[in-house]
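Q: Each chain, written out:
2 protein chains.
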Amino acid sequence: MNSAAFLKDFHHVATIGATANSGVDRQAATAEDAKTRDWFAAQVRDAGWELRVDGIGNMFGLLEWTPGAPYVLIGSHLDSQPLGGRFDGAYGVVAALHAARRLDAEVAEGGTAPRFNLAVVNWFNEEGGRFAPSIMGSSVFAGLLQREQMLDVPDLSGTTVRDALGAIGYLGTAVGPEVAGYAEIHIEQGRILEREGIAIGLVDSSWYTQKLDIEVLGEQSHTGATAMADRHDALVAASKIILMVHDVTNDFAEGALVSSVGQLTLEPNSPIVVARRVHLVADLRSGGPDIVKSARAKLIADIEVLAQEHNIKVNVKDFDVRPIRRFPEAGLELADKVAADLGLSSRRLQTMAGHDSVAMNTVAPSIMLFVPSVDGVSHCEREFTTDADMVTGLDMLTGVARELVAGALINAQALPAAALA
Amino acid sequence: MNSAAFLKDFHHVATIGATANSGVDRQAATAEDAKTRDWFAAQVRDAGWELRVDGIGNMFGLLEWTPGAPYVLIGSHLDSQPLGGRFDGAYGVVAALHAARRLDAEVAEGGTAPRFNLAVVNWFNEEGGRFAPSIMGSSVFAGLLQREQMLDVPDLSGTTVRDALGAIGYLGTAVGPEVAGYAEIHIEQGRILEREGIAIGLVDSSWYTQKLDIEVLGEQSHTGATAMADRHDALVAASKIILMVHDVTNDFAEGALVSSVGQLTLEPNSPIVVARRVHLVADLRSGGPDIVKSARAKLIADIEVLAQEHNIKVNVKDFDVRPIRRFPEAGLELADKVAADLGLSSRRLQTMAGHDSVAMNTVAPSIMLFVPSVDGVSHCEREFTTDADMVTGLDMLTGVARELVAGALINAQALPAAALA
Numbered sequence: 003m004n005s006a007a008f009l010k011d012f013h014h015v016a017t018i019g020a021t022a023n024s025g026v027d028r029q030a031a032t033a034e035d036a037k038t039r040d041w042f043a044a045q046v047r048d049a050g051w052e053l054r055v056d057g058i059g060n061m062f063g064l065l066e067w068t069p070g071a072p073y074v075l076i077g078s079h080l081d082s083q084p085l086g087g088r089f090d091g092a093y094g095v096v097a098a099l100h101a102a103r104r105l106d107a108e109v110a111e112g113g114t115a116p117r118f119n120l121a122v123v124n125w126f127n128e129e130g131g132r133f134a135p136s137i138m139g140s141s142v143f144a145g146l147l148q149r150e151q152m153l154d155v156p157d158l159s160g161t162t163v164r165d166a167l168g169a170i171g172y173l174g175t176a177v178g179p180e181v182a183g184y185a186e187i188h189i190e191q192g193r194i195l196e197r198e199g200i201a202i203g204l205v206d207s208s209w210y211t212q213k214l215d216i217e218v219l220g221e222q223s224h225t226g227a228t229a230m231a232d233r234h235d236a237l238v239a240a241s242k243i244i245l246m247v248h249d250v251t252n253d254f255a256e257g258a259l260v261s262s263v264g265q266l267t268l269e270p271n272s273p274i275v276v277a278r279r280v281h282l283v284a285d286l287r288s289g290g291p292d293i294v295k296s297a298r299a300k301l302i303a304d305i306e307v308l309a310q311e312h313n314i315k316v317n318v319k320d321f322d323v324r325p326i327r328r329f330p331e332a333g334l335e336l337a338d339k340v341a342a343d344l345g346l347s348s349r350r351l352q353t354m355a356g357h358d359s360v361a362m363n364t365v366a367p368s369i370m371l372f373v374p375s376v377d378g379v380s381h382c383e384r385e386f387t388t389d390a391d392m393v394t395g396l397d398m399l400t401g402v403a404r405e406l407v408a409g410a411l412i413n414a415q416a417l418p419a420a421a422l423a
Numbered sequence: 003m004n005s006a007a008f009l010k011d012f013h014h015v016a017t018i019g020a021t022a023n024s025g026v027d028r029q030a031a032t033a034e035d036a037k038t039r040d041w042f043a044a045q046v047r048d049a050g051w052e053l054r055v056d057g058i059g060n061m062f063g064l065l066e067w068t069p070g071a072p073y074v075l076i077g078s079h080l081d082s083q084p085l086g087g088r089f090d091g092a093y094g095v096v097a098a099l100h101a102a103r104r105l106d107a108e109v110a111e112g113g114t115a116p117r118f119n120l121a122v123v124n125w126f127n128e129e130g131g132r133f134a135p136s137i138m139g140s141s142v143f144a145g146l147l148q149r150e151q152m153l154d155v156p157d158l159s160g161t162t163v164r165d166a167l168g169a170i171g172y173l174g175t176a177v178g179p180e181v182a183g184y185a186e187i188h189i190e191q192g193r194i195l196e197r198e199g200i201a202i203g204l205v206d207s208s209w210y211t212q213k214l215d216i217e218v219l220g221e222q223s224h225t226g227a228t229a230m231a232d233r234h235d236a237l238v239a240a241s242k243i244i245l246m247v248h249d250v251t252n253d254f255a256e257g258a259l260v261s262s263v264g265q266l267t268l269e270p271n272s273p274i275v276v277a278r279r280v281h282l283v284a285d286l287r288s289g290g291p292d293i294v295k296s297a298r299a300k301l302i303a304d305i306e307v308l309a310q311e312h313n314i315k316v317n318v319k320d321f322d323v324r325p326i327r328r329f330p331e332a333g334l335e336l337a338d339k340v341a342a343d344l345g346l347s348s349r350r351l352q353t354m355a356g357h358d359s360v361a362m363n364t365v366a367p368s369i370m371l372f373v374p375s376v377d378g379v380s381h382c383e384r385e386f387t388t389d390a391d392m393v394t395g396l397d398m399l400t401g402v403a404r405e406l407v408a409g410a411l412i413n414a415q416a417l418p419a420a421a422l423a
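If you read the sequences in order, they're chains A and B.
Start counting at 1 in the first sequence, then tack on 2, and there's your number in this note's numbering.
Start counting at 1 in the second sequence, then tack on 2, and there's your number in this note's numbering.
So that you can see chain A by itself, here it is in the shape it has in the complex:
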């Protein structure tokens, strides 16, 4: 199969929004995101497929082999983190385009249409760096988030999703296709496959995750003229909260819980003014829901004590709570067989990161595949996966999609959105 054309396309896409250190910066609905979208649209049109853009900016390239039949979707996302890596998301979209081309050629040659049609998808705003929450486009598509509410979400400068998508011409009006199944390939963003020398990861479940929206309200005052004892410094209290969020992982077994504060804004943010308000977002993730719940309870109790000690107010709100979601066993067995047929080693694993497939798995049987990440690093310019591993993954995705359009998972069930671990 033609892997050179795939690699050429992949490395071309990596030039769009390219950064000085081999990364990309293509945050959702920016000019750079628009360029990759234009490239994707041209690929779809050049292949003779129908292009649809829905009301939250998701893009679909439709291969209709059997008029009226539902579609198997394959794809990922072309947006990136600020100074993100070339592979996260883009690999899955470019691989899906090439898998679709291969299958389209097979169908044309074979002369018989598969049971289901195929569509390649580029989901809007998987990263959530500019507009929270992440996994926005696929979650709206899956009915897990409300479209109108998401269109009103502002970035830090106050621009809404609606205005940003409108400005780049990707606030569509089409309705996405009826879905019979979903498959996605992605870099692992961890070290398990690399360490064990395994070609393909089969994701059996996602981690339990949740965020805490934390607002620290102190009192603004003059840094020079206000005695230390008279201050209610929101940033000093926020710093202690950041360290609490970090240190709470030590209460659990190594690797059982990850936590972080990645977003913080400070008001008034003046060098000679004691801060009146700090807003920050904490992120908690674990394979065990009880671990997250226990860490959250400890943080809330500790924050309450801190607020009293500092005589300031701290508002804490839960948001973006994502239960463990299991991918269907039938899909895992199918992927295992495809890998074996291709002579590829594979193993099951959990994903700590969120993915569009986790949202899609609530509306259709979904298969999530990983290829190895060098050093396990991700969301940074140093993110890397070899050409050989990417080509192997393309073969794997093609094989899985071939089975899915043939109806291999016709008896599998999507996971109910409300199903908790």
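Hints were generated in silico from the structure; no laboratory data involved.
Keep in mind that a hint or two might mislead.
Just so you know, same-sequence chains aren't split out, so a pair can sit in one copy or run between any two.
[Stated by the list, open to error] Here are the simulated DSSO-like pairs of lysine-lysine, each with C-alpha atoms no more than 30 Å apart in a straight line: (1) Lys339 x Lys242; (2) Lys242 x Lys319; (3) Lys319 x Lys300; (4) Lys315 x Lys242; (5) Lys300 x Lys10; (6) Lys10 x Lys315; (7) Lys315 x Lys295; (8) Lys319 x Lys295; (9) Lys315 x Lys37.
Computed from a prediction, not measured in an experiment: that's the story for all the values here.
Using the hints provided, position chain B relative to the given structure of chain A.
A: Only chain B this time, still in chain A's reference frame:
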């Protein structure tokens, strides 16, 4: 004397850029700052005085009684902190306008011109909240900062002083007047006068202050998929530095040192990305230079240890170092006599906050006066000084200015800019 007209003007100015909780938000060279500038310009023109705007946005209203004679300057600044108080700066400018009106009327009545002319001044960007460093306009006027360099200073959105002043029409071309002396009245921003029931503070010296520009360089990575042990989280390290800056005050006698971090920016500032870079500004102030120097040395040593522990890079640069500057003894004695003649209690004190008078004192003998602040709070909406105290201060400033234009400090010397405590 007509104190009602003064109070009417003061409370009118407080409506420009007024905030919901009785404060003002008039950061340097914003639309709100422009409105107070327009008001100031109209006051100067209506009084028949000459208006000059210099190349860093300082505004002068000139009362030329004796052609060719140098000028005594009186004034302060109309810009504020974000969500700042009504009194800080604006009180001194409005009081100076009214003191000048009173003296102008006296000169017209008396028929003999004083030795020096008088000018009312509104200094550009005393606060430094939008453009660092603070005390910018008076420092350029005094030759302590370079005009061209200051015009290139950007705010957090990248707009330079040059563009911001140009946009509001206050990047002037005039040269300020030749200076024979300077007087400024300001709220104390501390609790000494209130606690002791004293009407007027006579500032004998400024505190030693310095800032540290601290850049924390970690590595960007995925919050979910990166193990805690593999992270180089710039925000966790920065939080520890913020607490170090706070806690270093405990190494010294109570009240001997104040410190703070009031400005911080985070990159990429995405909820699901471990921060790669945090930039923050620490502020250290003390009546004793050795205390600041000792605190700085401890912080730099502790930060070095921290950087090694976290395997990240921290760059620390000194900037905005301001030595203790003493106001001339002759000026203090003069002010003491004026207060006594008015039947006002007064005492000497140090200023922990920076003021335009500290810069002006390096080019001409300067007198800095305080009126009481309720609860000592400042740089916030809760800042407050009574009408009665403001009127008392206006009388005091008028008396001091009357003596200065008469030549009372003709034998006093300005403090050389290089003079350290």
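Q: So, for every hint listed, does it hold in this structure?
A: Comparing the hints with the structure gives:
Proximity of Lys339 to Lys242 under the C-alpha cut-off of 30 Å is found in neither arrangement, the shortest distances being 50 Å within a copy and 51 Å between copies. Taking the closest pair of Cα atoms, Lys242 and Lys319 come within 30 Å of each other both inside a single copy (18 Å) and across two copies (25 Å). In the homo-oligomer, the alpha carbons of Lys319 and Lys300 lie at most 30 Å apart inside one protomer (14 Å), although the nearest pairing across protomers, at 38 Å, exceeds that limit. In the homo-oligomer, the alpha carbons of Lys315 and Lys242 lie at most 30 Å apart both inside one protomer (14 Å) and across protomers (21 Å), since each shortest distance falls under that limit.
Taking the shortest Cα distances, Lys300 and Lys10 never come within 30 Å of each other, neither inside one copy (50 Å) nor across copies (54 Å). Taking the shortest Cα distances, Lys10 and Lys315 never come within 30 Å of each other, neither inside one copy (54 Å) nor across copies (37 Å). Taking the shortest Cα distances, Lys315 and Lys295 sit within 30 Å of each other inside one copy (23 Å), while across copies they are farther apart (34 Å). Taking CA atoms no more than 30 Å apart as the test, Lys319 paired with Lys295 passes inside one copy only; the shortest distance there is 14 Å, against 42 Å between copies.
Taking CA atoms no more than 30 Å apart as the test, Lys315 paired with Lys37 passes in neither setting, with 44 Å inside one copy and 35 Å between copies.
Violated hints, in rising order: 1, 5, 6, 9; the structure is consistent with all others.
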